[in-house]
Amino acid sequence: MLTRRVWAELEPKWPAAYWDDWLREPAQRRQRHILRPVVCRTFHVESKGGTSNGQYSAFLKNTVIHSGPAADFVVGAAASAAAADAALL
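For what it's worth, my numbering labels the leading residue of the sequence shown as 1, then goes sequentially.
Errors might be hidden in some of the hints.
[Stated by the list, open to error] If you anchor each label on the Cβ, the simulated ranges turn out as follows:
1. W19 - A58: 44 to 54 Å
2. A86 - M1: 42 to 52 Å
3. A82 - R5: 49 to 59 Å
4. L35 - I65: 24 to 34 Å
5. D85 - W14: 40 to 50 Å
6. T63 - W19: 42 to 52 Å
Quick caveat, the hints were computed from the structure, so don't treat them as lab data. Think of the CB as a built atom: it goes at the ideal place given N, C-alpha and C, for glycine as much as any other residue.
I would like the entire structure built from these sequences, with the hints used as guidance.
Pasting the structure below:
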């Protein structure tokens with residue numbers, strides 16, 4: 001979240017892509033602390049748009065997104081990778 005004053009400073013030069021990297025550059029940061037949301041860059045459903053211009057579409061065209069019930073992941077519940085696999089599979 002930005003204050004109105006900071007937005008007025010950054011908005012005229014806001015980039016069309018990779019804004020999160022741009023925002024951390026010293027010219028924009030100016031010794032301010034930056035808290036940014038984690039935006040997943042690996043979620044590709046369609047090959048249109050985005051910065052990759054569809055270059056990965058051959059690899060992603062058969063990807064199926066899980067539509068069943070959500071898995072219940074409990075951190076630390078499995079003592080080993082084999083136990084985790086057994087619980088999930």
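### Query
If you check each hint against the structure, which ones fail?
The structure conflicts with hints 1 and 6, although it agrees with all the remaining ones.
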